[in-house]
Amino acid sequence: MKTADARSVLAEVNARPPGPEDPRIDGLSPSLILQPETVETAARALALCHEEGLAVVPLGGGTRLHVGNTPERLDCYISTAALRGIAHYEPGDLTLTAWSGTPLAELQAAAAVNSQFLPWDPPQPEKATVGGILALGDAGFRRRPGARPRDLLLGCEALLADGTAFKAGGRVVKNVAGYEVTKLLVGSLGTLAFLTRAHLRLRSRPESKLTLVSTGVSQEGAVDAVSRLRRAGIDPEVTAVVNSTVAAGLGLEGWTVLLRFEGFDEEVRALAAQTKDGFTGIDGAETFECRDVESERMWETLRDFPIVHDTRGIVARLLGLPSGVLSAPFEAADAVCIYPDGGLVYLKAEEPERYHRLVTMAGENGLRVVLESASPDLKREVDVFGEPPSGLSLMKRVKETLDPKGVFSPGRGVGKALSL
Amino acid sequence: MLPKYLSKSLRDAVDPQGFLDRPAHVLVYECDGTTAFKSAPDAVLLPTSTEQVQAIVRACAAAGVPFLGRGAGTGLSGGAVPLEGGVVIALNRMNRVLELDVLNRMARAQTGIVNLEISRTTASQRLFFAPDPSSQSSCTLGGNIAENAGGPHCFKYGATTAHILGLTVVLPDGERVELGGQADGVGYDLVGFFVGSEGTLGIATEAWVRLLPVPAAVKTFLAPFGSMVSACEAVSDVVALGILPAAVEMLDRATIEVVEASVNAAGYPRDAEAVLLVELDGPDAAMARLERAIEEICLRRGASEFKSARDEAERTKLWKGRKAAFGAMGRLSTDLYVQDGVVPRTRLPEVLAQVAEIGRKYRIQIANVFHAGDGNLHPCIPYDGRDADEKRRVLEAGHEILTLCASVGGSISGEHGVGTEKADMMGLVFSETDLDVMRRLRNVFNPRGLCNPGKVFPTTLGCGAVGSVRGASTGGAWI
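First to last, the protein sequences are chains V and E.
First residue of the first sequence: 1, per our numbering; consecutive thereafter.
First residue of the second sequence: 1001, per our numbering; consecutive thereafter.
Hints may contain errors.
[As the list claims (entries may be wrong)] Quick look at which bits of chain V chain E covers, simulated, 3 or more residues with Cβ under 8 Å:
| no. | region |
| --- | --- |
| 1 | 141-153 |
| 2 | 177-184 |
| 3 | 317-330 |
| 4 | 351-363 |
[Said to hold, decoys possible] Straight-line Cα separation of at most 27 Å, DSSO-like style, residue types lysine-lysine; simulated pairs:
| no. | chain 1 | residue 1 | chain 2 | residue 2 |
| --- | --- | --- | --- | --- |
| 5 | V | K209 | E | K1317 |
| 6 | V | K405 | V | K416 |
| 7 | E | K1317 | E | K1307 |
| 8 | E | K1361 | E | K1391 |
| 9 | E | K1320 | E | K1307 |
| 10 | V | K209 | E | K1156 |
Bear in mind the hints are in silico, worked out from the structure with no lab data behind them.
Note that CB positions come from ideal geometry on N, CA and C, so glycine has one too.
Based on the sequences and whatever the hints tell you, model everything.
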């Protein structure tokens, strides 16, 4: 492309060098930030980057840009900040189309008018965007099927690395026409495509919410209580088990179990009562119900747990079976949040050396460690996703077929050595 | 005809009874539930292990002969038809639950297992497998995975994709790969991509499936209405109240008449224009109040009565009529064409009116039975396949219905898949670029196109031309 043409393409996407306020990835900054206002200009800018062989990282609210391996190369951010707003909303169908740069809080406010919501609770929802949440594939503490990003993305529009616009899925809640390309995009960490619009399925706001807190227990006591609940077929909307460090942040002491019930009033009260019975008899446990502001404050604290305030320590995610994540030994961690549904643990450790102990512990317990935040040195040294997953060669071919020149987020995904 | 050397290696790959190539034996495998598309395979293989499937696939790949996996053959889009002949790999002998993890609510099963058998096996632990297509007493897990099967209860619980955690897949070159697993993994969601790929990416031989606790209480209600519109409005009112029923089904007058005249008569009032079937499940505590709320909505919207099943026998009977509706259509004619369009639920009344209009235009009878909660229509068109003109009108009407669904922002398939039937209609909902992205992804798994060829992707240029519906032949009831 001629220099003059390239200049005009960059001008129409408001290209600028990054400032001190712009987020970095493991200490790295791009040379340019592109902020397209339309899909067409975004497509032209990507085509230019593709032609020039530049490395482009899609940027949403920048709240969790640290998740993933350190990029091998980083030339541009392509920001969704100007692709923002609700494009279409059908309250009667519980479906909504949002531009990818829409902060989640803005979407929730639009849906709240009709007593609807998206059951996603990522850290900093006022900043976290729809596109970013989908790229990460993680939306916080609701881990049950039906609430995860992969369950609620009905379809989307996106740009390939060369700027080609395509769509996947549809706008209706039930659809099996064509391949589930959306499933590949969710959780792809911006390595496959640049998402521009998302068709989402909403939920009706529950009539009643209640949190049952059981505090001052041992880890064994907590594990035992939660396992009994699961056996009894009681399914809270969210089950969280936190260690004493996290509990202290909630104004509580000792290992603590938090169960969030949502639904119709009688249901919620009956389930809480039934559950409470199951908790009596656990040594030292104090069990109480919690509603409204008091309860929401606790969940917001848990919601924001993965946020990094200090890169001297580490934030990691552990993946495993519900039973496995509950009973793992967590001596190597300082702060621990366990979500047994979906088998997830969030943890923090102040000393980076603990990472290697964590990996050893995880290996012995059949868990996988995903390192989210750490010093740039540590992140460069390891593959943050751990051992390559089965199916890696297929994943590599998926990447190569959609982004053969490695424009999108090179090296950020799994299989660091393969530049996914 | 397969080359002799291939027949020999295939024969060697399986047990002595696992190889069929006599015309009378392979004829059974010439079609699935869509009898309008027929093409017999050269051979049928009945493997008993993943290793045998690998050996079969390797032999086919080496000979360049097409092959496909098949479950019970209940599919409704011609997805399991060997359009180019070759080898059908029928997984029905791989039908066991291999592991049950009660605490983590998961099971590992071979994919030839019948859907309902999974829940039967896990019932003693009060766990069940949620996907429930109408054919669940005969369709297999592998078929459910291939089609991302739905069913009435996927309104609440999600289609098959929400319930598959991991897969053992034999890729089209014979390599075995484990995708996903019991725990959440890292990297691209290949399990999510594989589910619903209609057998074109490989053959799944085992799966880790998610199980759900059997709900404490279940209530089933029936409400007859004087018009489809008011029945649809009642559904919208129920959803607007924040109630998420386990299922919301509707049958129109034509369907009610057929069901009531059949052996599965469910006691639906014959003078109603629409029957609404609503099921709630979950904790017992709020059931009574929700029942009253739904009753009030139905009566306010003009229901002539509101019936709540008093016991399991009544509940089963109410459902039996719905689940057997397609089968009961066999009373009407020799052939049946079932459509599977989806529209936004709020557009149902206008779309149903236009569907009726299309029926009049083409001088055909259309009976509607559908999943009202998620806007998934199943217009059923009985016809006589021996009457070429009638058959043409039926196919044209079907095409017009799907065009209508697409035009209001819907889809050409909610749960039956694209298969052979709708491959040439993909252009109604996807651009050539969208399809190209999918083709490139198919080639990642299936670069030579030997695995289930001719499915999902349009084969002709003018996408959706009725004249291009391939292989449409006579005979059989298309249920």
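Now the hints, each set against the structure:
Only residues whose beta carbon comes within less than 8 Å of a beta carbon in chain E count, and the region 141-153 of chain V has 4; three or more means the coverage holds. Counting residues of the region 177-184 of chain V whose CB falls under 8 Å from any CB of chain E gives 7; the rule of at least 3 is met. Only when three residues or more bring their CB closer than 8 Å to a CB of chain E does the claim for the region 317-330 of chain V stand; here the count is 6, and the claim holds. Judged by the Cβ-Cβ criterion of 8 Å, the region 351-363 of chain V is not covered by chain E as claimed, because only 0 of its residues qualify and three are needed.
Our distance criterion of 27 Å between C-alpha atoms is broken by K209(V) and K1317(E), whose separation comes to about 36 Å. Note on K405(V) and K416(V): the hinted pairing holds, with a Cα-Cα distance of about 16 Å set against a maximum of 27 Å. With a C-alpha separation of about 13 Å, the suggested pairing of K1317(E) with K1307(E) holds against the 27 Å cut-off. Restraint check for K1361(E) and K1391(E): the C-alpha separation of about 14 Å stays at or below 27 Å, so the hint holds.
Between K1320(E) and K1307(E) the CA atoms are separated by roughly 16 Å; this keeps the pair inside 27 Å, and the hint holds. About 20 Å separates the Cα atoms of K209(V) and K1156(E), which keeps this hinted pair within 27 Å; it holds.
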